[in-house]
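Participant: The residues making up each chain are set out below.
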Amino acid sequence: MPDYFIIINKAVVVLLYDMIKKILNKPGEEVREMLEGLVIAFPDLIELDPKYNNVYRKNKKKDKVAIITGGGSGHEPAYSGYVGYGMLDAAIAGAVFTSPSTMQIYQAMKTVATEKGVLSIIMNYTGDKINFKAAMKLAEDDGIKTDLVISNDDVALPDKEMRRGTTITVLAHKIAGAAAEEGMEINDVKKIAQEVIDNGRDIGVALTPCSVPAAGKYSFELKEDEIEFGIGIHGEPGVQRIKYIPSAQLAKMMVDKLMDDLKLKKGDEVILVVQGTGGTPYMEKLVFYRDVMNYLKELQLKVYASWVGEFLTSIEMQGARVAVLKANEEIKRLFSAPALTPVIKTMPMASTVMS
Amino acid sequence: MSFNVEFFKCFLLNASKEIQKSESELTDLDSKIGDSDFGINISRGFRALEKDLKSEEIGKLLDEAGKTIMEEASGTFGTLLGSMLVAMGKVSRGKKEVDVQEMKKMFEEGIKVVEELGGAKRGQKTFLDVLYPFTEKLNQKYSAKKVIEEAIKAAEEGMTSTKDMIATVGRASYYGERSRGHLDPGAVAMYIILKSMEKCI
Chain H
332 MPDYFIIINK AVVVLLYDMI KKILNKPGEE VREMLEGLVI AFPDLIELDP
382 KYNNVYRKNK KKDKVAIITG GGSGHEPAYS GYVGYGMLDA AIAGAVFTSP
432 STMQIYQAMK TVATEKGVLS IIMNYTGDKI NFKAAMKLAE DDGIKTDLVI
482 SNDDVALPDK EMRRGTTITV LAHKIAGAAA EEGMEINDVK KIAQEVIDNG
532 RDIGVALTPC SVPAAGKYSF ELKEDEIEFG IGIHGEPGVQ RIKYIPSAQL
582 AKMMVDKLMD DLKLKKGDEV ILVVQGTGGT PYMEKLVFYR DVMNYLKELQ
632 LKVYASWVGE FLTSIEMQGA RVAVLKANEE IKRLFSAPAL TPVIKTMPMA
682 STVMS
Chain S
125 MSFNVEFFKC FLLNASKEIQ KSESELTDLD SKIGDSDFGI NISRGFRALE
175 KDLKSEEIGK LLDEAGKTIM EEASGTFGTL LGSMLVAMGK VSRGKKEVDV
225 QEMKKMFEEG IKVVEELGGA KRGQKTFLDV LYPFTEKLNQ KYSAKKVIEE
275 AIKAAEEGMT STKDMIATVG RASYYGERSR GHLDPGAVAM YIILKSMEKC
325 I
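Here the protein sequences line up with chains H and S, keeping their order.
The numbering of the first sequence is my numbering, which starts it at 332 and goes up by one.
The numbering of the second sequence is my numbering, which starts it at 125 and goes up by one.
Because the hints were derived from the structure by calculation, they are not lab data.
A couple of the hints might just be wrong.
[Claimed, not checked] Derived lysine to aspartate or glutamate pairs resembling EDC-like cross-links, with alpha carbons at most 20 angstroms apart:
#1 H:K468 / S:E260
#2 S:K229 / S:E195
#3 H:K633 / H:E567
#4 H:K468 / S:E240
#5 H:K468 / S:D161
#6 H:K353 / H:E364
#7 S:K184 / H:D473
#8 H:K548 / S:D161
#9 H:K441 / S:E188
#10 H:K382 / S:E188
#11 H:K382 / S:E260
#12 H:K460 / S:E260
#13 S:K214 / H:E471
#14 S:K245 / H:E492
#15 S:K236 / H:E513
#16 S:K214 / H:E513
#17 S:K229 / H:D472
#18 H:K476 / S:D161
#19 H:K441 / S:E196
#20 H:K393 / S:E240
#21 S:K219 / H:D472
#22 H:K393 / H:E513
#23 H:K441 / S:E195
Fair warning: this is a prediction, and the values are worked out from it, not measured in the lab.
The task is simple: from the sequences and hints, build the whole structure.
Facilitator: Here it is in structure tokens:
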């Protein structure tokens, strides 16, 4: 525990905070309290099972594939912010940067199960994979149809098997969520989710590290004039440390990395996500978004729609992520299909979401 | 020669006591090639299981024990051990006793699930290096006591063999070559668990 009491002369109690200041109550309680806050804000859309820290969609539909996800907390608004009509049926929250337990996941599968089955769309992390697979075994023993899609969209690491799941996972939730809402069968929903992951890439940079509430220390150190390039989403160091460069140059460097890996060419149409990593001011996010958009225009890529804001963060880290998804007609249609969640509210004619 | 439901209850209860006794030893081992929360985590899982051992049927007993461990010990070891017990329970569903061949089948199914979920194979410095030699010894024509003794002896050799291995899966793999020279904490825990069968014959 980062805070502790020292009793001096049995009368004076001194509270020592060996921690980084955060607007929280008690370490270890932050995830449940945060989810309670979210559910108080959106009582018509979502509900919380406080025993398991599972957030469920209200007004569940019985004749659709249920879409669920889960992972460590600290990435807000992922994933509880995406529970609702047209997106997720359940989000399962582990402790900060820690996989949820098998039983938490199993409980969610039992709660949302329909005849059409439960599809988990998760990120490529060892703990998450083991716990989701173990929960699927338990659910299958109960006669629940399950399947799994694992996202590995982060371009920072050269080895595809090692690549981590990042922002494209959220686009997969949106698009697969819409496909499920339309009544598609689990195999088809899985296919479209996999297509999104195969055609999407993400890259992130950090200007500052982040700090896990219970740890009370920063995840790495960066000098004033340094940028960490190719970061994950858990405050782990990136693949490269570069000298500070202005926003426009950073935008170019990051987009180039995505372009190369996706082999995008003139005239291709993309869906774009530009976001801060939790502690980036809106001024910086919008300047950076502008620079990314300008550079994509220069490259003659068409942006079908974009999200700008905060979608998959790393606690209070200051930094940015860019994700692009190469879009075909079906992906575009499902991306624009209606959704009503705390964060994503899609309506016809609204091509930009700002969170 | 067979193993009844009382044997399995005794086994799980003893395993819980032995794991709790070894909590700090396991934590020390884990601090060398892991993140130090292993002993506490698995000990919490077993403590919770003690009050669960009520079923009069082997399959249900193991199923409930596995699920309790998964609920309380949410780390990778807890998930894999819990899934292994659930898988063993599936093979012994409805049984009040099993013979040594059935026992072997149960452990084989357990190993299969652990490999499938954890993505590890024998020889990668994990508790599979204890489970495999143990299970292989479960096919002799000796008395129950002798079979278990021999299997535990093989398990001990398996545990010791992890010292010279390099971890290539799990968190210990981040240590690469530096993982050599340390026993694998999961292998030690699995040996402690299996060894606690000894007193139950």
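Participant: So, against the hints stated earlier in the document, which numbers end up violated here?
Facilitator: 1, 2, 3, 5, 11, 12, 15, 16, 18 and 20
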